[in-house]
Amino acid sequence: MSITKKLFGTLPDKGDVYAFTLSNASGMSAEILTYGGIIRQLIVPDKNGQPVDVVLGRDSLEEYLDNTGYFGAAIGRHSNRIANAAFTLNGKTYTLVKNDGNNNLHGGPEGFHQKVFAYETSENNGDASLTLFTISPDMEDGYPGELQVAITYTVTAENGLKLHYRAVSDQDTLINFTNHSYFNVSGHDSSDISDLKLWLNADFYTPNSSDCMPTGEVRSVAGTPFDFRTPKPVGQDIHADCEQLKMFTGYDHNFALNGWGYRKAASLTSSKTGITMDMYTDLPAVQLYTMNSPAGRPCKGGISYPIHQALCLETQFFPNAMSFRHFPGPIYKAGEIYDTVTEYRFHAE
Numbered sequence: 031m032s033i034t035k036k037l038f039g040t041l042p043d044k045g046d047v048y049a050f051t052l053s054n055a056s057g058m059s060a061e062i063l064t065y066g067g068i069i070r071q072l073i074v075p076d077k078n079g080q081p082v083d084v085v086l087g088r089d090s091l092e093e094y095l096d097n098t099g100y101f102g103a104a105i106g107r108h109s110n111r112i113a114n115a116a117f118t119l120n121g122k123t124y125t126l127v128k129n130d131g132n133n134n135l136h137g138g139p140e141g142f143h144q145k146v147f148a149y150e151t152s153e154n155n156g157d158a159s160l161t162l163f164t165i166s167p168d169m170e171d172g173y174p175g176e177l178q179v180a181i182t183y184t185v186t187a188e189n190g191l192k193l194h195y196r197a198v199s200d201q202d203t204l205i206n207f208t209n210h211s212y213f214n215v216s217g218h219d220s221s222d223i224s225d226l227k228l229w230l231n232a233d234f235y236t237p238n239s240s241d242c243m244p245t246g247e248v249r250s251v252a253g254t255p256f257d258f259r260t261p262k263p264v265g266q267d268i269h270a271d272c273e274q275l276k277m278f279t280g281y282d283h284n285f286a287l288n289g290w291g292y293r294k295a296a297s298l299t300s301s302k303t304g305i306t307m308d309m310y311t312d313l314p315a316v317q318l319y320t321m322n323s324p325a326g327r328p329c330k331g332g333i334s335y336p337i338h339q340a341l342c343l344e345t346q347f348f349p350n351a352m353s354f355r356h357f358p359g360p361i362y363k364a365g366e367i368y369d370t371v372t373e374y375r376f377h378a379e
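Count along the sequence shown from 1, then add 30; that gives the number in the numbering used here.
These aren't lab readings, by the way, just hints derived from the structure by calculation.
Please note: incorrect hints may appear among the correct ones.
[Said to hold, decoys possible] Think about it this way: if two alpha-carbon atoms lie no more than 25 angstroms apart in a straight line, the pair counts; the simulated DSS-like pairs of lysine-lysine are:
{"hint": "1", "residue 1": "330", "residue 2": "363"}
{"hint": "2", "residue 1": "77", "residue 2": "262"}
{"hint": "3", "residue 1": "302", "residue 2": "262"}
{"hint": "4", "residue 1": "363", "residue 2": "122"}
{"hint": "5", "residue 1": "294", "residue 2": "262"}
{"hint": "6", "residue 1": "192", "residue 2": "294"}
Throw the hints in and build the complete structure from the sequences for me.
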């Protein structure tokens, strides 16, 4: 177990940005930036004990300042989309910033992905942790309440990367955090995700309108390309004759996870490396996004990531839940603690 720190760059208006590397004794490590809470690198051993970087990323701070696609970033105050960039809470309508057509996406332009966080580190029983702190002021990007935030990243002795989110507001508000890492367990610079096998513990998903906004319907996955209850290659149905897939050139949908509490919700496996990533969460849903457009410019190692190079598993409350009473929603009362954990746990065989 070890924790190392290095200067990653400096922003004239926000100060120094550091890269922390958390490592365990089994050869797993995660590099996390204090800018955006970004997971820049995630190294896990493959079936032969060789290191594989399983997340997409960029090489420099300057590249992350224009982080199209939110590679690896912490997302808040509200992940995913809010229709018409507005919501009503306690009889009052709050207007948000429109940064995705007519909608609000991932909290807005001043979201967590743009912040430089304060930090502290700790080591305990073979686990190495980094906690990032920030305060989002009242009405930042239109959200009510001063929000105190802590995100703890832990590389565990069991080859897990655990993300523990905590927050509290001094007013009633919305809280719905996630992480936007793009995973490819064959390696970030390997082939696309077509052959990776995905399992999702979800009987239902929420169809989208053409602007990727849930329509309010909750639809069974049975008999559709959205059925991952038995592991199957991601590419098996991604080009199916299905309007929901054709609109987005792949999956960009919210899945309602089965069960409650902290449970295993997804698995992603590569036959090439033998690496399996098991995802655990206590949240009700996950957004499966299959990187439906190319990165657009060279990224980590000078690679130009093509379409479907990786996928995101963004744990969350339902998108646009304020519009639909039957959707699990992200309302937190003043003083109520937001406390949730998502973990990505790896093994190889």
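Check your understanding: Keeping to a limit of 25 angstroms between CA atoms, is the pair of residue 77 and residue 262 held or broken?
Key -> holds, 20 angstroms
Point to revise | Given pair status - residue 122, residue 363, alpha carbons within 25 angstroms | key: Given pair residue 363, residue 122 holds - Cα atoms ~15 angstroms apart, limit 25 angstroms.
Point to revise | Given hint residue 294 paired with residue 192 - CA-CA distance at most 25 angstroms | key: holds, 13 angstroms
Point to revise | Distance restraint between residue 330 and residue 363, which requires alpha-carbon spacing of 25 angstroms or less | key: violated, 41 angstroms
**Study point:** Distance restraint between residue 294 and residue 262, which requires alpha-carbon spacing of 25 angstroms or less
**Key:** Given pair residue 294, residue 262 holds - Cα atoms ~17 angstroms apart, limit 25 angstroms.
**Study point:** Holds or violated: residue 302 to residue 262, with C-alpha atoms at most 25 angstroms apart
**Key:** holds, 15 angstroms
In the structure shown, a violation is registered for the earlier hint numbered 1 alone.
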